[in-house]
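> Listed below are the residues making up each chain.
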Amino acid sequence: MTSILKPPVIHPSLPKNALGLTRRDYEGAMSTLCAGCGHDSVTAALVQAFWELDVPPHRAAKMSGIGCSSKTTAYFMRQSHGFNGVHGRMPSLATGANAANRDLVYVGVSGDGDSLSIGLGQLCHAIRRSVNLLYVLENNGVYGLTKGQFSASADVGSTSKKGEANEQPPIDPVLLALSLGATFVGRSFSGDKAQLVPILKAALRHRGFAFVDVISPCVSFNDHVGSTKSYRYTREHYESLAPVDFVPVRQEITAAQDAAVTTVRMHDGSLVRFRKTDDTYDPTDRDAAYAHVRKHQEVGEIVTGLLYIDEDARDLHALNHTATTPLVDLPYADLCPGNTALQALQDEYR
Amino acid sequence: MATTDLIIGMAGSGGDGIVSAGEALMAAAAREGYRALMTKSYGPQIRGGESSCRIRIATGRLHSAGGALDLAVALNWDDFLKFGAELTVSGSTVVVWDSASGITADRLPLPGVTPARALAVPLAELTKTATGSDKMKNSLVLGLLSGWLGVPAAAILAGLKKRFLRKGEALWQASERAFQAGFEFARAEPLDDAVRLEPAVRPAGGAEKLLTDGNEMSAAAAVFAGCRFFGGYPITPSSEVMQFLTREIWKYGGAALQAEDEIAGVASALGASLAGVKAMTATSGPGMDLKTEVLGLASMAEVPLVVLNVQRGGPSTGLPTRAEQGDLFQACFSAHGDVLRPVLAPTSVADTFHVMVEAFNVAEQYQTPVIVLSDQEIAQRKETVDPIDTSRIALVERQRPGESELQDYKRFLDTESGVSPMSCPGTPGGAYLGSGIEHNETGAPASSGVMHTRMNDKRFRKLQALRQRTDLFSEEGDAGAPIALVSWGSSAGVCREALARAQAAGLRAKLLVPRLLYPVADDVYVRFFAGVQAGLFVEQSYQGQLHRLVRMFVDLPRDVQSFCRSGANPFRPAEVLERIEALAQALQGRLEDAQPVEE
Ligand SMILES: Cc1ncc(C[n+]2csc(CCOP(=O)(O)OP(=O)(O)O)c2C)c(N)n1
Ligand code: SF4
Ligand SMILES: [Mg+2]
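Residue numbers (the working numbering), protein chains in the order written: chain A, 4 to 353; chain B, 943 to 1541.
Keep in mind that the hints were calculated from the coordinates and are not lab data. Glycine is no exception: its CB is placed at the ideal position from the N, C-alpha and C atoms. Take the hints with a grain of salt, since some may be wrong.
[What the hints assert, rightly or not] Derived contacts from chain B toward chain A, CB cut-off under 8 Å, selection only:
id	residue
1	A1116
2	A1136
3	A1221
4	G1378
[Unchecked claim] Each computed DSBU-like pair below joins lysine-lysine, with the alpha-carbon atoms no more than 35 Å apart:
id	chain 1	residue 1	chain 2	residue 2
5	B	K1104	B	K1070
6	B	K1077	B	K1104
7	B	K1193	B	K1070
8	B	K1400	B	K1352
9	B	K1352	A	K19
10	B	K1109	B	K1077
11	A	K150	B	K1400
12	B	K1077	A	K150
13	A	K150	A	K19
Put together the whole structure using the sequences plus the hints.
Okay, here's the thing in structure tokens:
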């Protein structure tokens, strides 16, 4: 498939990326979400990440399910292909698309209802299959679109807008992803773009399933006192782990070696650098990551940052030995076995 | 005179290897140029337990498993009797059993039936004398059958050698000795001509028949049609499709996914198709239930997708290993909202190939999900099939946008045909936001009644051309006949045989076999029923679903009735013939009543 870009729109005053595109070129339709919704900030971070990584918009595919969060694929990268599936089934749609065309950059956007209730099984199996995908879970503890029912990520004791308390223990998506073997696990906050953008960039470059849980408050149904997914609560209980820098491969690495920095080299040569705030934390140790999140959770703290990364892991294609050429690009004549191959198949039945 | 068409039924317990004996007989018969068809049935145990097979061998074409047995072999009566529905013994059946059972010819456990001949054979004893143990009873039975039926010993032995030599020289020799003992017994104790086959015409080398089943045919057809992705979840009786493709599709530049459930199976296939490749899933009843939501999505987002439903008895877990034609309403109507999606059905193993290829063509041409309704009988029965001539099959691919359309790309452009060029992700200028939400021509959400009406109209309009596809129907028999049958799926073959017999008896009748079930091609039915005075829709569902479906769209003559019953009760040609005869008699009676009475 040829990659001819549309002539970029000229905004003389705006900075351009290596493709000559401005951030505006990575935006989408006007958001129809509530003013102040955390999801819009995540959208802005995605725009920034894709723009900074110079991803040609037509080479990206945006997948989602159903929910306010899932609607956001319309609000970034209007020149990219998008597909809103059905509630909770984005992971399998993305798996199939990935199998058919391995060369696109896939981003899946989901919500806590979409991912942790109706689509929990799908999420688990996408992790298990290591689908090459950036999976963003916009986590607000409620079903926003259906007007504020508790979701499976609501904390015990968190109250609804009307004051009822949630009694059931939450499913923590980060612990889930860690225990299921996800090879890239991060958590951030929609209000912390400085932390979120580099995590998204690293996740986009990760080969395999990159899971990013983003606390993304719902201003209409879950931003009151008593909610543990409000802006205020999140800011007050925010425990930022080692801030990360993402250094793309083409950038010359000038920074001097620094003992306070851990570097993970990604499969394409890009670097993720962790500036350590906690000397004992090792982002390549799954068990340590799990224990760390649990320890802080017990004292009511939300650990954020790039929590775990395994760059040696094999993705869906490596696990299945898929052809290196995307199936969709194989010429039809090569693909269709035609009569000769059919005869060979038939021979087996004689 | 020897016969040209013979049905053998055999049963034994798990270790007897009666089904593999049946397979060996069938393979040898096929090599000799006979047509053969085999169905197997097992007890409820997953492994071990009783098993049975029915093999029909003929010199001419076969359309169904037929009726009562001509030759019954009971290694063990208890096991045999568990298959009463499959292994029907009549007054013209020759019955053979192991004399070691102690049962004598005058005390056969067949209430109300006196077989044409009853012959106790010391099966175990003969095997023991020949081989030192009674393990190889199935090889002995093959020797008996070779001697009695006239299927050449060399052909059967060649198959046995291939199978046993792999496991060691000693086993092969034991098998051969048991076979010879059976063969000699049969020579010394011949049966009458009714169970002796006319010799077949051996095919010239290379043109040998294939021995395959409907599930394998579906999978091979998918590969041939250019299917590049399969997503599914195991379920009886469709699992073989997945197993075949998981093994084979990689060789042809495809990929297969054993998903976590049927929803993920169909959704991953939809995702693959969306990304630009032909894709399918296969399942049965309970899996079909789960796929409903994604099927609606495929209709709304106009994504080509083939969904094969190998029907079993239902609802719920129902009858996992038995055929039923009860999923037609579900195939047509399981969706909220107004949806039209094509439903096709094959009538035999060979037909499955063509119907599956057609399903991919329809899916691609009209950018729609297509449901193929196979059933357990067609899917799992083994049959001789002529090598498939693919030179006349054209393959269709979805319409893609050209340069000019990409200038201002509208994914859901409301064209005259209703079909809009579909771009695939990665195409510069071809991006759009697909979704299950109602949309305008660009794909942007739109919830006005005006737009919803327009888009419904587009989605229905594009499929109307299918109603003119007369090639998806076959009409057989006497075109001007007053008696008409309609039958689909595995029941159609039974009707074909009944029709041939009716015609041979001088009755004027005809048969319509639709491969396209939905949308209902009303013109085809109207034309077919013009001048018809009485008729039957023959199908294996309690409600008679096709009969009801067709009547939603077509006014049928009053005397066209439904001949239907629940699954797991396959029709036999003789009973359909009886119905035709009854109709003919009634018509005759009516005719006589209408004559002026002579004073
Ligand atoms: C099968 C099905 N059941 C229910 C719904 C209704 N529904 C739409 S979105 C949603 C929950 C969304 O919650 P979440 O994923 O957390 O997204 P948010 O709106 O909070 O961002 C529900 C229950 C649906 N669309 N489909
Ligand atoms: S309801 Fe909540 S989640 Fe939905 S858009 Fe409004 S603020 Fe965002
Ligand atoms: Mg939510």
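> Are the hints correct? Go through all of them and say.
Status of the hints after comparison with the structure:
no.	hint	verdict
1	A1116	27 Å, violated
2	A1136	30 Å, violated
3	A1221	7 Å, holds
4	G1378	6 Å, holds
5	B/K1104 - B/K1070	23 Å, holds
6	B/K1077 - B/K1104	18 Å, holds
7	B/K1193 - B/K1070	47 Å, violated
8	B/K1400 - B/K1352	14 Å, holds
9	B/K1352 - A/K19	29 Å, holds
10	B/K1109 - B/K1077	15 Å, holds
11	A/K150 - B/K1400	33 Å, holds
12	B/K1077 - A/K150	70 Å, violated
13	A/K150 - A/K19	40 Å, violated
In summary, the structure is inconsistent with hints 1, 2, 7, 12, 13 from the numbered list given earlier, while agreeing with the others.
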